[in-house]
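Visitor: Residue-level listing of the chains:
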Amino acid sequence: MSERGAKIREISERLLKEGKIDMVIGFRKGTLPMMNEPCLVKSPEDVKNLVWDSNCGINLAKYLIGRKEKIGVVAKGCDSRNIVTHLIENKIKRDQLFIIGVPCEGMIDRRKIASMFEKEIKEVAEEKNKIIVRGSGFEKILEKSEVLQKNCAICIHRNPVIYDELAADIVKEQKNVDRYKDVRQIESMPPEEKRDYFNDLLSPCIRCYACRNACPLCYCPTCFVDESRPQWVGKGIDLTDIKTFHFLRAYHCAGRCTDCGACERACPLGIDVRAFTMKLEKDCFELYGWEAGMSKDERPPLDTYRPDDPNDFFK
Amino acid sequence: MGFSINNQQSTINNPKWEPKIVAFLCNWCSYGAADLAGISRLQYPPNIRVIRVPCTGRMSPKFILSAFMNGADGVWVSGCHPGDCHYLEGNYYARRKLSLFKGLMEHMGIESDRLHFSWISSAEGTKFAEMANKVTKAVRDAGPANYFAKKISILKTKVA
Amino acid sequence: MQNPYLPYPVRIDEITTETEDKNLKTFRLVFINPGDEEKFSYKSGQFAELSLAGKGEIPIGIASSPTEKGYVTFTVNKVGLVTSCLHSMKAGDIMGLRGPLGNSYPWDILEGKNIVIIGGGFAFTTLRSSIVYMLDPAHRSKFKDIHVIYGARSPGMLLYRDELSAWEARDDINMHITVDGTEDPNWKYNVGFVPTITEQKAPPGNADTYAIICGPPIMIKFTQPVLDKLGYCHDNIIMSLEMRMKCGIGICGRCNIGKEFVCKDGPVFTLARLNEMPKEY
Amino acid sequence: MKVIKINKENWAGGLEKSKGSYRLFGPVKNNELHEFKQLDKEELPDCDYFNTRLSPKSIIYPQSETMFEFSLDENREDHHILKEIDTDYSPRAIIGIRPCDAAAFLLVKRNFSTPEYKDSYWLNAYETTTFIGLACGNPHDTCFCTTTGCGPFNEEGLDLLLVDAGDCYFAKTITSKGENFLRAAGWDAGTDVETVCEQIKTMKQEAEAKITSFVATDKLKDKKTTDLFDAPFWEETAFACINCGACTYACPTCWCFDIQDEVSGYSGIRIRNWDSCMYPLFTLHGSGHNPRSTNMQRVRQRFMHKLKYYPDRYGEGILCVGCGRCIRLCSVNIDIRRVCDLMNSYEVQVTSD
Numbered sequence: 109m110s111e112r113g114a115k116i117r118e119i120s121e122r123l124l125k126e127g128k129i130d131m132v133i134g135f136r137k138g139t140l141p142m143m144n145e146p147c148l149v150k151s152p153e154d155v156k157n158l159v160w161d162s163n164c165g166i167n168l169a170k171y172l173i174g175r176k177e178k179i180g181v182v183a184k185g186c187d188s189r190n191i192v193t194h195l196i197e198n199k200i201k202r203d204q205l206f207i208i209g210v211p212c213e214g215m216i217d218r219r220k221i222a223s224m225f226e227k228e229i230k231e232v233a234e235e236k237n238k239i240i241v242r243g244s245g246f247e248k249i250l251e252k253s254e255v256l257q258k259n260c261a262i263c264i265h266r267n268p269v270i271y272d273e274l275a276a277d278i279v280k281e282q283k284n285v286d287r288y289k290d291v292r293q294i295e296s297m298p299p300e301e302k303r304d305y306f307n308d309l310l311s312p313c314i315r316c317y318a319c320r321n322a323c324p325l326c327y328c329p330t331c332f333v334d335e336s337r338p339q340w341v342g343k344g345i346d347l348t349d350i351k352t353f354h355f356l357r358a359y360h361c362a363g364r365c366t367d368c369g370a371c372e373r374a375c376p377l378g379i380d381v382r383a384f385t386m387k388l389e390k391d392c393f394e395l396y397g398w399e400a401g402m403s404k405d406e407r408p409p410l411d412t413y414r415p416d417d418p419n420d421f422f423k
Numbered sequence: 325m326g327f328s329i330n331n332q333q334s335t336i337n338n339p340k341w342e343p344k345i346v347a348f349l350c351n352w353c354s355y356g357a358a359d360l361a362g363i364s365r366l367q368y369p370p371n372i373r374v375i376r377v378p379c380t381g382r383m384s385p386k387f388i389l390s391a392f393m394n395g396a397d398g399v400w401v402s403g404c405h406p407g408d409c410h411y412l413e414g415n416y417y418a419r420r421k422l423s424l425f426k427g428l429m430e431h432m433g434i435e436s437d438r439l440h441f442s443w444i445s446s447a448e449g450t451k452f453a454e455m456a457n458k459v460t461k462a463v464r465d466a467g468p469a470n471y472f473a474k475k476i477s478i479l480k481t482k483v484a
Numbered sequence: 011m012q013n014p015y016l017p018y019p020v021r022i023d024e025i026t027t028e029t030e031d032k033n034l035k036t037f038r039l040v041f042i043n044p045g046d047e048e049k050f051s052y053k054s055g056q057f058a059e060l061s062l063a064g065k066g067e068i069p070i071g072i073a074s075s076p077t078e079k080g081y082v083t084f085t086v087n088k089v090g091l092v093t094s095c096l097h098s099m100k101a102g103d104i105m106g107l108r109g110p111l112g113n114s115y116p117w118d119i120l121e122g123k124n125i126v127i128i129g130g131g132f133a134f135t136t137l138r139s140s141i142v143y144m145l146d147p148a149h150r151s152k153f154k155d156i157h158v159i160y161g162a163r164s165p166g167m168l169l170y171r172d173e174l175s176a177w178e179a180r181d182d183i184n185m186h187i188t189v190d191g192t193e194d195p196n197w198k199y200n201v202g203f204v205p206t207i208t209e210q211k212a213p214p215g216n217a218d219t220y221a222i223i224c225g226p227p228i229m230i231k232f233t234q235p236v237l238d239k240l241g242y243c244h245d246n247i248i249m250s251l252e253m254r255m256k257c258g259i260g261i262c263g264r265c266n267i268g269k270e271f272v273c274k275d276g277p278v279f280t281l282a283r284l285n286e287m288p289k290e291y
Numbered sequence: 045m046k047v048i049k050i051n052k053e054n055w056a057g058g059l060e061k062s063k064g065s066y067r068l069f070g071p072v073k074n075n076e077l078h079e080f081k082q083l084d085k086e087e088l089p090d091c092d093y094f095n096t097r098l099s100p101k102s103i104i105y106p107q108s109e110t111m112f113e114f115s116l117d118e119n120r121e122d123h124h125i126l127k128e129i130d131t132d133y134s135p136r137a138i139i140g141i142r143p144c145d146a147a148a149f150l151l152v153k154r155n156f157s158t159p160e161y162k163d164s165y166w167l168n169a170y171e172t173t174t175f176i177g178l179a180c181g182n183p184h185d186t187c188f189c190t191t192t193g194c195g196p197f198n199e200e201g202l203d204l205l206l207v208d209a210g211d212c213y214f215a216k217t218i219t220s221k222g223e224n225f226l227r228a229a230g231w232d233a234g235t236d237v238e239t240v241c242e243q244i245k246t247m248k249q250e251a252e253a254k255i256t257s258f259v260a261t262d263k264l265k266d267k268k269t270t271d272l273f274d275a276p277f278w279e280e281t282a283f284a285c286i287n288c289g290a291c292t293y294a295c296p297t298c299w300c301f302d303i304q305d306e307v308s309g310y311s312g313i314r315i316r317n318w319d320s321c322m323y324p325l326f327t328l329h330g331s332g333h334n335p336r337s338t339n340m341q342r343v344r345q346r347f348m349h350k351l352k353y354y355p356d357r358y359g360e361g362i363l364c365v366g367c368g369r370c371i372r373l374c375s376v377n378i379d380i381r382r383v384c385d386l387m388n389s390y391e392v393q394v395t396s397d
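Chains as they are written, first to last, in the numbering used here: chain A, 109 to 423; chain B, 325 to 484; chain C, 11 to 291; chain D, 45 to 397.
Some clues are possibly wrong.
Have a look at the derived ranges for each label pair, beta carbon to beta carbon [stated by the list, open to error]:
{"hint": "1", "chain 1": "A", "residue 1": "279", "chain 2": "B", "residue 2": "351", "range": "45 to 55 Å"}
{"hint": "2", "chain 1": "D", "residue 1": "154", "chain 2": "A", "residue 2": "228", "range": "51 to 61 Å"}
{"hint": "3", "chain 1": "B", "residue 1": "376", "chain 2": "C", "residue 2": "23", "range": "31 to 41 Å"}
{"hint": "4", "chain 1": "D", "residue 1": "220", "chain 2": "C", "residue 2": "150", "range": "51 to 61 Å"}
{"hint": "5", "chain 1": "B", "residue 1": "411", "chain 2": "D", "residue 2": "160", "range": "55 to 65 Å"}
{"hint": "6", "chain 1": "C", "residue 1": "211", "chain 2": "A", "residue 2": "337", "range": "34 to 44 Å"}
None of these hints come from the bench; they were simulated from the model. Yeah, the Cβ is synthetic: ideal placement off N, Cα and C, and Gly gets one too.
Just chain A, same shape as in the assembly:
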């Protein structure tokens, strides 16, 4: 993993020196184990702060919106697909970007690892595909594949789909992965069970909007939550309002979500908010054969139609 960090630093320094870009958006080492902080590097001297490891789960495409400068952005597979979505939705111009593609080997789930240990974790290191967890008086080696984020475990687009330079050679994509096992499991429940499942899922929600704000797809100047004339969603923690908010937030990502997992990673209470977006991704794939952010030329599903679209439940 650290060769990727070195290559990113090298590319960034060269680009900044050549003046091809005004800034690089990447990650710098966090102040906590398993955490990195998105950062902005403008001068070649600060390039040494840029790192890359299995804790870069936040989607950097979010920081591109509305910027006018020439930007070097570090992008793993899902981030690059979100950049494609930005291009389709005219949120940024392709010539503004120098995309440093990073073939990804999956990001680790910090909450899952933390819950495996009673005592506090002081440091987490990684070699090849092993994760070494050290705390006061204990050290344990974990298989990285067992502690991946839920979305990384079923990811089939680890390599960037769009890039100007790669920070490592292409990785093997995961084959015969059933992406919709969880979705089907919920779909098989009777309605009451589904209602209870989602009521329990959303009961800890404190309406902090981390899931919405971590997502690169959410850039409306006034979110439907903040509309007051008419007001669609209450602002309190009434469960109906919470369900309505999560429904509409996910619905806005239909056919655009690349399942990067930034929403789940950002939730301070670890709510599995992907349960909504994965259902929509499954429907978009099965009904319209669509995968978000794969090509700049195809229009997203809700922006186009075909006369022979599925029509069965319309009586």
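Using the hints, position chains B, C and D against chain A.
Guide: Coordinates of chains B, C and D only, in the frame set by chain A:
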């Protein structure tokens, strides 16, 4: 004295309960079909509250969720047949939007017979009446949907 | 313990439309419970929260003067959810009033001084309250000469037009009414922006002259250098600020500029004090 | 100041007994995270926990709290008039609260209880609650309470301090409310105060020695507000922030709220919800003007309020008790310790002209 919510949103065994259905009818076709059904004296139950929308393409999930949140037991969206939409492609977009909407709504636990979608042209008065009967019957069987309605937690007012 | 968020119930006594575009209406409110009016005694420059059950609350400057007994008036611009609902209400409707809130103009300091009132657009409510207060026979003698410079986009957009002409007729107040522009041939007052009229008509600044400014940020931005040029020191320039507010009593935390709460430590600040505060308003 | 010993056998019995005269709240583990919850019959608090994921402020100051009720039904004579509601302010006790969270309530009380206005909701809830603290045995890396005027064995804001001494708890009463709780729980096994105090003192030093992270706040007070406000490091500090409300909702010293009306049919309520200075709507004017429209301005407001505006306004310490929740819960790792040191060490570059 507390304030009680004055609509009779109670359990199934309350015979007086009548389902409340919000029908979003597209102005050019289904709304016309409703008029035609009325003119030709076709009988259909009065449980339907009609909201006229310019086109099913104008339908937004916010409308349907708002209907359920304010106590509707069922929602019925009806528009022109694909191909003869007044705005040419409104119902094509609506077909995709509402398919994904219905998928996610059912994923979250709403019974499928609380959400009805139909294509009814303005000449099909009879089909409108049939559909109205079918929708009302389906929602009546499904019973009150008070798990989706937003209930204001009314407490006892402080006796000064 | 008294609940500071409970509004006094009031009834709308009378509604008058102030401007030609009908976006500004003056509401005269009467207290329903006797005794509330005494509790609501206020000074010019303060504001109150108008509470509409089911819609919310809005902080609006009190337009009536403390000398006008029996009612409280507010001039409300139709902007958002609560104001639009208020504009659709009719006389006799019930609503709530919470206050008086905020500090008022520093009447103790202003006594025995020249007062220059500079108002723009619809921010003339608390200034009207101040003018009526000062012109009241019991108080007029406390103040030396009073100048009023008040401008709006067009003649139809001026607030309290009949009162303006009444004051124009008086000799113990110098009125300088202006409009940005007008085609009306028999418009007998000034034409021009408030800063330019201030430059021409305002008295020179000295220790005994205080200026009270209320208006849109753009007007304040261009009027301030004019006052500097006229020699007004920043302690003598008094401003009333606007901020988004909810509680109005310095608890909900949103209306701060630096460590000051506009709703409680303001809305009236001298320019000198504003200069020490972060430029975030 | 009484110190007694509670041996752990009658710990559960005492708690059960106290439930007779208090609604008892305590930390309970609920799938992977601890939270404060009212303890049902026979339910015990999980006292060997680090700290709850969110702060216990929601017990005193719930996220959504009904303030008034009203009816819009015209043919009622009290239509459109707001009425206060009956709230249950029967005595409550929070057991197992950490000293930092208890001290936070005192910092917040300055805002809700001002000479001119008293917030009846918050104060009624706060004054009818007894705080039984549990001293911290092993603080986390993200705890920096000792340098914020707080500490693992601090007593401010507590009515009773429990210290876990292995087979028993030492209970140090701080206020009469603490004594009432001890009586209600039936714990009054006397003990010789000197040796126990000695033991507590040594345990206190041990715990304080385990704190590994610190913030420097000494120079904050005499810095000019406008200098800190116009400092160049804000752009870089706030870059990563996604403006969610996680840090403000988890923080025990954040109290900002929003007031909303909600109506269903003819009946409606006015409720108070938590709000966050991180949201643009927080300061959006009706005219569309927003004094804090950019992400940087909002991030600056949060840190300036906690580390500069509050100390200047009340002349006391910073508005932070070092619990570290905002550090642990921030998804992009914005660290208040880093920002505090930046602010404390910031000097204006005097351009020598």
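Visitor: That 31 to 41 Å hint for residue 376(B) and residue 23(C) (C-beta), does it hold up?
Guide: 39 Å, holds
Visitor: Evaluate the given range 34 to 44 Å for the C-beta pair formed by residue 211(C) and residue 337(A).
Guide: Distance hint for residue 211(C), residue 337(A) holds at roughly 42 Å.
Visitor: Evaluate the given range 55 to 65 Å for the C-beta pair formed by residue 411(B) and residue 160(D).
Guide: Holds - the Cβ-Cβ distance for residue 411(B) and residue 160(D), about 59 Å, lies within 55 to 65 Å.
Visitor: Given the hint of 51 to 61 Å, is the C-beta distance from residue 220(D) to residue 150(C) inside that range or not?
Guide: Holds: the Cβ-Cβ distance is about 59 Å, inside 51 to 61 Å.
Visitor: Kindly confirm whether 51 to 61 Å is satisfied by the beta carbon distance between residue 154(D) and residue 228(A).
Guide: Distance hint for residue 154(D), residue 228(A) is violated at roughly 32 Å.
Visitor: Taking 45 to 55 Å as the hint, is the beta-carbon distance of residue 279(A) and residue 351(B) inside that range?
Guide: 54 Å, holds
This entry does not satisfy hint 2, going by the numbered hints stated previously; all others are met.
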